[in-house]
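Trainee: Once you've looked at the hints, dock chain B against the given chain A.
Which chain is which? The protein sequence lines are A and B, in order. Quick note on UniProt numbering: the first sequence kicks off at 1 and runs consecutively. Quick note on UniProt numbering: the second sequence kicks off at 1 and runs consecutively.
Bear in mind the hints are in silico, worked out from the structure with no lab data behind them. Accuracy of the hints is not assured; some may be wrong.
[To be verified] Pairs of lysine-lysine, DSS-like flavour, derived with a Cα cap of 25 Å:
1. B/Lys372 with B/Lys295
2. A/Lys61 with B/Lys791
3. B/Lys295 with B/Lys457
4. B/Lys791 with A/Lys62
5. B/Lys554 with B/Lys457
6. B/Lys372 with B/Lys457
[Said to hold, decoys possible] According to the in silico footprint, chain B covers these stretches of chain A (three or more CB under 8 Å from chain B):
7. 34-45
8. 72-80
In this text, all values refer to a predicted model and were calculated from it rather than measured experimentally. Ideal placement from N, C-alpha and C gives every residue a C-beta, glycine not left out.
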Amino acid sequence: MRTNDVMLQTATKVVTFIILMFSVHIFFTGHYTPGGGFVGGLLTTSAIVLLMLAFDIETVKKILPINYLTMTAVGLLLALATASASIVFDVPFFTHAYDYFDLPLFGNTSLHSALLFDTGVYLVVVGVTMTIIQTIGEDE
Amino acid sequence: MSFVFLIFLPLLAALFIPLLFKKFGRIHTGWFVLTVPVVLFIYYASLLPTTIAGGNLVSEFQWIPSLDIAFVAYIDGLSLLFTLLITGIGALVVLYSIFYLDKHREQLHNFYVYLLMFMTAMLGIVQSDHLITLYLFWELTSISSFLLIGYWYTRDRSRFGALKSMMITVFGGLMMLGGFVLLSIMGNTYSIRELIPQAQEMITHDFFIWALVLVLLGAFTKSAQFPFYIWLPDAMEAPTPVSAYLHSATMVKAGLYLVARLTPVFAISGTWMWLVAGVGLFTMFWGSFFALKQKDLKGILAFSTVSQLGLIMSLLGASAAGYHIDNIAETTFKYAGFAAIFHLINHAVFKGSLFMIAGIVDHETGTRDIRKLGGLMSLMPISFTVAMIGAFSMAGLPPFGGFLSKEMFLTAMLSLTEFDLFSMDVWGVLFPVVAWLGSVFTFIYCFYFVFHTFAGKHKPEQLPKPAHEAPIGMLISPVFLALLVIVIFFIPNHVGDWLVKPAVMAIQPFLYNSPAEVDVHVSAWHGFNTELFMTIGIFAIGGLMFWTLRRWQKSYDRFPDSISLNALYDNLMFLSDGGANRFSMLYMTGFIRSYLVYMFSFVIFILLGTLYLTEAFALDLTNLAPIGFYEIVILVALVGSTLTILVSKSRLTSIIALGAVGYSVALFFVIFRAPDLALTQLVIETISVALFLLAFYHLPQLSRKEERIGFRLGNALVAVGVGVTMTLIALSSHSQKALPSISEFYKETVYSEAGGGNIVNVILVDYRGFDTLFEIVVLGITAIGIITMIKLRLSKKEGQHENK
Numbered sequence: 001m002r003t004n005d006v007m008l009q010t011a012t013k014v015v016t017f018i019i020l021m022f023s024v025h026i027f028f029t030g031h032y033t034p035g036g037g038f039v040g041g042l043l044t045t046s047a048i049v050l051l052m053l054a055f056d057i058e059t060v061k062k063i064l065p066i067n068y069l070t071m072t073a074v075g076l077l078l079a080l081a082t083a084s085a086s087i088v089f090d091v092p093f094f095t096h097a098y099d100y101f102d103l104p105l106f107g108n109t110s111l112h113s114a115l116l117f118d119t120g121v122y123l124v125v126v127g128v129t130m131t132i133i134q135t136i137g138e139d140e
Numbered sequence: 001m002s003f004v005f006l007i008f009l010p011l012l013a014a015l016f017i018p019l020l021f022k023k024f025g026r027i028h029t030g031w032f033v034l035t036v037p038v039v040l041f042i043y044y045a046s047l048l049p050t051t052i053a054g055g056n057l058v059s060e061f062q063w064i065p066s067l068d069i070a071f072v073a074y075i076d077g078l079s080l081l082f083t084l085l086i087t088g089i090g091a092l093v094v095l096y097s098i099f100y101l102d103k104h105r106e107q108l109h110n111f112y113v114y115l116l117m118f119m120t121a122m123l124g125i126v127q128s129d130h131l132i133t134l135y136l137f138w139e140l141t142s143i144s145s146f147l148l149i150g151y152w153y154t155r156d157r158s159r160f161g162a163l164k165s166m167m168i169t170v171f172g173g174l175m176m177l178g179g180f181v182l183l184s185i186m187g188n189t190y191s192i193r194e195l196i197p198q199a200q201e202m203i204t205h206d207f208f209i210w211a212l213v214l215v216l217l218g219a220f221t222k223s224a225q226f227p228f229y230i231w232l233p234d235a236m237e238a239p240t241p242v243s244a245y246l247h248s249a250t251m252v253k254a255g256l257y258l259v260a261r262l263t264p265v266f267a268i269s270g271t272w273m274w275l276v277a278g279v280g281l282f283t284m285f286w287g288s289f290f291a292l293k294q295k296d297l298k299g300i301l302a303f304s305t306v307s308q309l310g311l312i313m314s315l316l317g318a319s320a321a322g323y324h325i326d327n328i329a330e331t332t333f334k335y336a337g338f339a340a341i342f343h344l345i346n347h348a349v350f351k352g353s354l355f356m357i358a359g360i361v362d363h364e365t366g367t368r369d370i371r372k373l374g375g376l377m378s379l380m381p382i383s384f385t386v387a388m389i390g391a392f393s394m395a396g397l398p399p400f401g402g403f404l405s406k407e408m409f410l411t412a413m414l415s416l417t418e419f420d421l422f423s424m425d426v427w428g429v430l431f432p433v434v435a436w437l438g439s440v441f442t443f444i445y446c447f448y449f450v451f452h453t454f455a456g457k458h459k460p461e462q463l464p465k466p467a468h469e470a471p472i473g474m475l476i477s478p479v480f481l482a483l484l485v486i487v488i489f490f491i492p493n494h495v496g497d498w499l500v501k502p503a504v505m506a507i508q509p510f511l512y513n514s515p516a517e518v519d520v521h522v523s524a525w526h527g528f529n530t531e532l533f534m535t536i537g538i539f540a541i542g543g544l545m546f547w548t549l550r551r552w553q554k555s556y557d558r559f560p561d562s563i564s565l566n567a568l569y570d571n572l573m574f575l576s577d578g579g580a581n582r583f584s585m586l587y588m589t590g591f592i593r594s595y596l597v598y599m600f601s602f603v604i605f606i607l608l609g610t611l612y613l614t615e616a617f618a619l620d621l622t623n624l625a626p627i628g629f630y631e632i633v634i635l636v637a638l639v640g641s642t643l644t645i646l647v648s649k650s651r652l653t654s655i656i657a658l659g660a661v662g663y664s665v666a667l668f669f670v671i672f673r674a675p676d677l678a679l680t681q682l683v684i685e686t687i688s689v690a691l692f693l694l695a696f697y698h699l700p701q702l703s704r705k706e707e708r709i710g711f712r713l714g715n716a717l718v719a720v721g722v723g724v725t726m727t728l729i730a731l732s733s734h735s736q737k738a739l740p741s742i743s744e745f746y747k748e749t750v751y752s753e754a755g756g757g758n759i760v761n762v763i764l765v766d767y768r769g770f771d772t773l774f775e776i777v778v779l780g781i782t783a784i785g786i787i788t789m790i791k792l793r794l795s796k797k798e799g800q801h802e803n804k
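Just chain B, same shape as in the assembly:
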């Protein structure tokens, strides 16, 4: 089976989107797009029986065989789970976007092309077994999310958010690439499956810890962990379907996927466990704490996503701890991996629905400012119900799916205190405490989100649009997701058997050999134990604090915006931007002669330097060809016309003299029997003289007054330098015959290998065809550049705006 090609199906479909958008403008383009994730979802769902049985599937396609780079699609429980999330949530999001984005006003062809591109990138990440192709897809998600966040590119905030997310995630991606390279050096393979058995030998390697840290940087930036989370709130400038898709269900989970996938490789190191669990938990607390500072509905959700991702991250860290204990029956670490995956599913479901609700509120009232909202409960009953289900699930209330995974999270965090490795016995107690605090704030912001939007007093005078319930089409997706939240609560063990256990087996292969061995049973009622009392505590304290929220929410203003991480990023960007600008202004004078001076000086420096350092210069005057009469005549003409350019007072004379130089060189080619070159040179000269004449009218008058003696001396120095350099190189290349001339090779092979007679042409189209291909691409770009400069140049007014 070659399902590796299915990864590219969305990308392939994207090619047709602009066409469909133009041809069938009356039909919303989203309907065509919808078929892609639906088809993929159905196909991938049919692979479920294989992974449930603990099997896996591999399909590969060679990309660059000489470098051993291939697209290897590897489907096991973990990748299939993510694949189903990507296609399943993707289908719902596309359905939602059909009603969210107006087909007349929006540039749907752009939107859906980016979205499909993103889908391919995500599928590629979760299915790639080859680290380099995984990296390729990883960066493709950064690029496509950049395009999606900046979709409304006329808004400043959109562009700012897009750039920010790209700067941070691409930085992480590059670090991760470094980590991958180190891994491949240690393990001598790029395949993740082949790296896992080598973990024992690799840990002694000096690079191991570096690889670990670099890979984690990639995962943390992508999954918006502290302190890299700052891009996620700004990414909320994207259209809401994008937020629901990328920033809750898929892209931000790529980092979690990577940590889960590489846990078997790195779990052997205590650093991994500490870093992943510690950073994750701190992020969970930080995100939930600052969610309450937000005034924007999507801002609250962004911080809640940061927090929830941290929660899952900490569970993945805890699952690595399972590596270090022999008897799993005694411990509860087996829960950590299960809880991580289970909560990941829950989060994708409820957060997707919550984002969609935020979008609906925005769409139907015209604002997302929670201070202006309120009392929408009676106006938008369905949205309210969905929001409540989603938020309560996030808060960990029964009877919703989130309750179950929240309980398991607490169990896992409690079990970390019993761990007596890596000084866990001293610091481990912090884990349940921070987890509990984070959960309290989670509880509060969930209530804050729902009740400050839907309950309380309705303020119609503050809303840009009169509020009403969303059209039915927009509600389908969130209602469906809300139903899933409830369904998961009632059949958690089926979800566990189908999706979670196969994935857990991939994360903790050191504990389990088959999904059936994952003996975790989820039950809503698990007796009077510490977890339950912690949960009751969360409800009690959280409820109390929510009740008094209005009184203490003001205290958030004591955290000044000017000393936040965001401000640090802004200042850094501002400074580097300004600095780079000032630096370029130093040498970008706007005069082409300055640039020529830089280039020529550089050429002299490099070439003469090399000639001197490698002692390459040689002079051999034997074997010289005789100089004939014609050559002397042409030489005199050549030198004469060159000097004419230098001294001529009028531009017309200069142009003609320049033409004469060109034609003289062409005549040299004729004499030295290089007809191809001569022909080309002649035509080029003709056309460039014609071009000069065309541009002649626009050229400024020649003026001599600014040319001071120093300036002219400098130019003369550069000119002489170039001349001397070229002469020296020509002389020494003639004098040295260390290697046989390459022309012999061409003479011998040009007919037998390439079936041609003209060496120059065969070199151009065959031996060095790649070169020619890129050359004509450069030509094409030049043409486009000239068109933009001349036809599309900004008028004066616009130009001023641009410079502002």
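The following block holds chain A by itself, in its conformation from the complex:
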């Protein structure tokens, strides 16, 4: 029997999006202001956890049909590939590169290969925490 938690569910629907957007913001600005892949990933996880608390694991699984283990693997590969890309350019392992580009809509933007690495971190953090929470949560 489930208790009636209309308040929680309604609030969650709004708050989740705010948290998600905030996490994306924090992830992208991480290189210049507080934030980054690790915190961004944790925030995303907390948004999903909130969903799970308000609804239940099965429903969340239907909304977000993501295999979190695959996500972890993709993240690891991305991080490793970014680090190894330096080999192709014949510079020491893990050398990052960055430059400024004029992009439409964004204007003069700095693009940094560290962002790719950070994306890997982000994916791994979300993947791992969600794997753990989901596995323990589903366990009878």
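Mentor: Positioned in the frame of chain A, the structure of chain B alone reads:
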């Protein structure tokens, strides 16, 4: 030319094997694999003209330049010969395995991945000029052979054999690494080519003899020399194509390769010659003697391989003797190197075919027990013919290749008696005697193998399957090898010119400057001399003893299994296993609090110890920041919630109090202007409280009854200890400013070097990116661990089986 990359071609191909296996399940995966050794063989064969002319090729690729470690592929006569064996026999073995392993029942993707991995490892060993990369590939062969031997991993014997081979060969490999390091200290280089000219200076060094012994340990374990041979018979649990490949043609020959390759470095020492020749010859006798005790076809072949490897080893030892004589025209030592390489080729060819035949017999009759076999001659005529050719070649009968190298072996052993250095004149006479005895037993077990399997009475009632000839595909490889055996007999001098002489030049550079100088001519008829009479003696005595085999074979049972080297190994493993188990049971209590006590005590011990020993503690109360109102409030909350955890009676209260501790710390971060840390801490606290709630249902009730006063005192002691340690460290790190703070460096370089603004993030992704990479790997492993613990945990029944 950058042929160094070709070493990695099989490994690269291995990446695609699982994919091919899944996508093209109807086609046997072996057909794809077959292209790799074939292509490599053709390429390497095209390099033959260079080595025949006495030239060599080098190709290198920097791996870790700062440590001067590089992949250097060095192709001369010796490495090219091995390369051709690896790829050539490899191709035949893969072809054979296509028919041997069923594509529906076997896990072919595993098998071929291991096999290709092994191929890369072998190519790497024989082509590496750099000792460290040679070691790398050396251990890779141990690992891949472990996987191949344990391929049928559900069988106990397979796992046991795999573990045994790995324990012994990895032990040898580690010893060898020590030897390599000593060599590099003495010669100041890791390059074998650069070590060779320094042999004269190195022999006076104290390390020389240690390096020699350690390197030999590596070679002896790999090549299954006495007393390390015990892993080879157990390795026969591997599928037969693996036995044919690894345990006759390639891996076990790595030890021979190493001895051959380093002969120019060590030949200057008499110890080398004595050890290599002595151990080799004794192994030859020992292996051939105990081959007759075996009841399993592959067991006989395993012991015969041990014996044959010993034979080649002893020849390599004798070839080192050539260093110590000035006038080679007078002696016959020049034969030793030639005979070693020639016999090595012969052995790879005939032993490969014999293993394949053993596999065919096993495949078509369902058993390898020689007592149940017999009379298969009329049922399997082709297999019988091939087995006969291979075995007769091994026994040293004409007109097969083995006869020629066997004669040269006897010549070389006889010549050792004429050697008047290192007290050879006294003990040297033992060499031809032992060699002759070993050859007699070799003769007997060859006949035993062939005739007890194929001749005699057929016993269909004892066979699991009705016997019949193997399908044609399975016969291609052994028949081809058998033809080679005969071809070698008729054109030995061509084989000598193309393959043997360039290799001999690499082994005995002190005797020859070019392959053309190796003036050895092989002839089937070499006049009435001692060797010929010895051979006739072998045939006569061997034939007689084979005739009466049934009468005296029983006497082997007098060698009890309980006092063999095998039993020694088993007992040693059993004892150390049990001992280690009992030792771990002492401290692995299963309670996480015990482990925490160990860890924290250790932390206190190390940190306080260091602080005390280095007199690092200092207290400086100047320059302290003022303590504000908010800090006091948060501190009170922090201490209060910590104490709540200690005294609370319910778990829920504890969890909430723990959350409060975390949030208070996060607030401290906010006050001290560390937004990154605060943010992370806040989210982590949120998520971990959620996790706690998820796991809450499964947690046991809090019980207080077991907590005796002593137990609580102990815990309190550890807790106070950790607290005091951390406080002392914090105080002294504040009080000491011996070095400028590192944050200045980050402030200055974070924008210019890394193009970022947030120091914490730049440190994470850039300055210490390696750290982060490994951290997320650890996270990934944690996730996998949790999945295995929860989703894949054993049911109760299986669990009991596992504990049995």
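Trainee: Confirm or reject each hint.
Mentor: Going through the hints against the structure:
1. A hinted pair counts as satisfied when its Cα atoms are at most 25 Å apart, and B/Lys372 with B/Lys295 qualifies at roughly 10 Å.
2. Using a Cα cut-off of 25 Å, the hinted pair A/Lys61 and B/Lys791 holds, with the two alpha carbons roughly 17 Å apart.
3. For the hint linking B/Lys295 to B/Lys457, the alpha-carbon distance of about 17 Å falls within 25 Å, and the restraint holds.
4. Restraint check for B/Lys791 and A/Lys62: satisfied, since their Cα atoms lie roughly 20 Å apart, inside the 25 Å limit.
5. Proximity of B/Lys554 to B/Lys457 is assessed by CA-CA distance (about 20 Å); at most 25 Å being required, the pair is judged to hold.
6. For the given pair, B/Lys372 sits about 10 Å from B/Lys457 by alpha-carbon distance, which is consistent with the 25 Å threshold.
7. Check result for the segment 34-45 of chain A against chain B: holds, 9 residues qualifying (beta carbon to beta carbon below 8 Å, three or more required).
8. Here's how the segment 72-80 of chain A fares: 6 of its residues keep a CB closer than 8 Å to some CB of chain B, so the rule of at least three is met and the hint holds.
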